[in-house]
Amino acid sequence: MSTLQIDFGHAKPRIVGIDLGTTNSLVAVMDLTGPRILSGIVPSVVSVTESGEVIAGAEAREMLITHPERTVYSVKRLMGRGVGDVQDELRLFPFHIVEGSESVLKLQLGDKVMTPPEVSAYILRKLKEDAEDVLGASVTQAVITVPAYFNDAQRQATKDAGRIAGLEVLRLVNEPTAAALAYGLDKRKEGLVAVYDLGGGTFDISILRLHDGIFEVLATNGDTHLGGDDIDNLLLNIALEDLQSEWGEDFSGNASLVQLLRRAVIQAKEALSFAPSATIELEYGPRKYQREIDVQLFNRLIEPIVERTLGPCRNCIKDAGITVEQINETVMVGGSTRIPLVRSAVERLFRKRPHTELNPDEVVALGAAVQAGILGGEVEDKLLLDVTPLSLGIETMGGLMSKLIHRNSTIPASETELFTTAVDGQTNVLIHVLQGERELVKDCRSLARFDLKDIDPMIAGMARIQVRFLIDANGILNVTAKDLRTGKEHSMDVKPSYGLTDDQVEAMILESYDKAEEDFKERQIREARVEADAIIGATEKAKEDEAYHALPDAERIAIDRAINELRLAYHSDDHLLIRDQIEKLNQATMALAEAIMNEAVGKALKGTNVND
Amino acid sequence: MKFYDALGLEPKLAIDLDDLKKRFYDRSRQWHPDRFSRSSSEEKQRSEEMTSMLNDAFRTLREPVTRAEYFLRESGLELSKDAPPELLEEVFELNMALEELRGGDESARGQLVLAQERFTGMLADADSGLSRLFASYDGKADAIVLEQIRATLNRRKYVSNLLRDVEKELNVHSAN
Ligand SMILES: Nc1ncnc2c1ncn2[C@@H]1O[C@H](COP(=O)(O)OP(=O)(O)OP(=O)(O)O)[C@@H](O)[C@H]1O
Ligand SMILES: [Mg+2]
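Heads up: the sequence lines are chains A and B, in that order.
In terms of my numbering, the first sequence opens at residue 249 and continues consecutively.
In terms of my numbering, the second sequence opens at residue 286 and continues consecutively.
To be clear, the hints were calculated from the coordinates, so they are not data collected in a lab.
Beta carbons are placed, not taken as given, at the ideal position from N, Cα and C, and that holds for glycine.
Check each hint, because a few of them may be wrong.
[As the list claims (entries may be wrong)] Just so you have them, the derived chain B footprint on chain A, three or more residues with Cβ under 8 Å:
#1 278-289
#2 452-462
#3 653-662
[Said to hold, decoys possible] Here are the simulated SDA-like pairs of lysine to any residue, each with C-alpha atoms no more than 20 Å apart in a straight line:
#4 A:K832 x A:R777
#5 A:K730 x B:M338
#6 B:K307 x A:E438
#7 A:K769 x A:N834
#8 A:K736 x B:Q330
#9 A:K630 x B:L364
#10 A:K789 x A:L824
#11 A:K360 x A:E307
#12 B:K306 x A:G439
#13 B:K442 x B:G414
#14 A:K736 x B:E371
#15 A:K791 x A:E847
#16 A:K791 x A:R809
#17 A:K630 x B:Y310
#18 B:K287 x A:R804
#19 A:K566 x B:L448
#20 A:K566 x A:K630
#21 B:K453 x A:R562
#22 B:K307 x A:G439
#23 A:K832 x A:A806
#24 B:K307 x A:D828
#25 B:K329 x A:R716
#26 B:K442 x B:E371
#27 A:K566 x B:R331
#28 A:K730 x B:M335
#29 A:K832 x A:R809
#30 B:K287 x B:D423
#31 B:K307 x A:K769
#32 B:K307 x A:R457
#33 B:K287 x A:G300
#34 B:K442 x B:F377
#35 A:K730 x A:N676
#36 A:K736 x B:E334
#37 A:K832 x A:E847
#38 A:K360 x A:G300
#39 A:K769 x A:T675
#40 B:K453 x A:G559
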């Protein structure tokens, strides 16, 4: 900790930018000179210890091996999803799902039950704390990034996670767009840029037009279930099959071994980006497993995965209404773009050598910080115009989806639709809202059901209720209804198809918010005390020095008084008071420090003389 | 017409695209919610309303076809959904050819490729016809011209659907 004086009372609170990744998360902030990463990479892993404490980050990642069944990784893949969506995944996850998880997954971790937003909130809280430690101030507002292809439920779940962590989420920004911001490609004033983002769990492709500081997304596409995790699972399955034939046992139910193997597989995969071959190595008790994989075999294995990213790229180019030749630059984001096969595939498709100057792990967080700067008013020359990745519509007769807002519409985007009753005396109208591109309701994603209730009974077709669907700048749907006969707002009940209700989120916030604030305060005090200990210790030591005894009486008294006052302040629960007294002791010992320094320099000089 | 108002434009059918873009970007810079993140909730809401309208307006007005459709609707004219009668015979033959190709009769392919070329030409004709009619109506607001625009749009839409069906069938069967 520095003894830097920070004006806690008046400084404008900083908005942080957070990359909440499948594998890794980071937090950054906008400085005068540009965006800056605030802490190291935080592994997106959360674990519940045996004593019931919840930990997140590197510590929790260790628990994957020792306590796999109470540890969660890649929770982002579960955000905004129902149990039916993630069956394949769950087979390899070490933890268990609680019954009744249809609309919100509930994970059983030790004796705690947590939803994905709550798990993510622990990662966010860790990032928040890291940021607070570096900034020396409480952090309450954030920009969080999401995959561009995230649907409404996945976005809402991310926003909920922020709120549960005690963060006001000022904006959700799409990851590829954030990356474009970080690259500062607007220096080229005009041009078309493609951003290809293959991370741990998700794939996005976005095409942007740059125009004088405006980043206008023309089209976006992707797959929210495609990334490094899928490569890991491929290799993992191979290794498990090997073990089955070599050791004659099926280990897929052995969570601890699976996690050890998973770690080994990831190591080998990452090494293969830089070496012609690598070995998956596992030691399990007395037994040893080794398997060499060369790049040729690896490439053959992952080819289908790489291929799966190219279709969305082609569709994106088409949707943007451009040809591939018109694209001026391509940018690579995400750890999985280190894989040479991925790079060459992208280069071949876009016929351009992609940008890889910025660290693919950091670029999204840096961009989130730039967006935070835009919202905070520090960055005035940039503006992001993003789009909604999926069409929004409502269910109509015969199970058909009728589109209201088309995909790749610039957000905020809105549409109004007039609803009426079909039979005499009908008092409510149900609206089923969906997202997706297919014609049949069953092939689209159900978002929510809105019940326009308490309609005055009247002849069929007389009611006139105007419903407004607005996709806001976060890509999240807002619905309002107006009774055109009275001009008044019409009330309705909302049943989200996936995710938490507002009340549930509120309850979780109440539970955690105060605690988070308290945590921060406690940490501040703890840190101030550590500093106080250090300075008191140093002063006591200095008092043994000749220089101390050479000081005038008044100075010595002042030092003793300052020490005593600091000791008094030490036990207060006001860290500012402690810091105040630390500063006073600093002042009081200034002359002493100088004297000791001179003495030391003098000695050193003498020493030099002797040696000469 | 509110979409024209949103961009500060007089309601005209012909539009200078560069000017339209510039207006869109300038107004986005001014009204985007990013500029209001620390404002009161009323101001935030207003910014959201302004920009969503602006985005809807830009999306609609930048394409001649959607622009003309909007212009007609605002002028009280609905687009009809009927097939243009002059195309009836052609469509009849086309449907037969489509059926044949679907049934595996490759000899129909030539006819479909010809149809594809013809429809593409028709679309281009419709587009240049539209821009002539736009200029004419902007010069003198004549209801008859508006009717002609409506007829052209109907025909254009119908032809573009035909073209889509033909291309789908040609692609499906050449992919195999
Ligand atoms: N050298 C490498 N070779 C291959 N893969 C790598 C390499 N380095 C990292 N990865 C993979 O990249 C992934 C993590 O990338 P990144 O941190 O960008 O993802 P994320 O942001 O957490 O995920 P997402 O953006 O999908 O939510 C992991 O699957 C990791 O194994
Ligand atoms: Mg990422």
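- Query: When the hints from earlier in the document are held up against this structure, which numbers fail?
  - Reply: 1, 7, 9, 10, 14, 18, 20, 24, 27, 31, 33, 37 and 39
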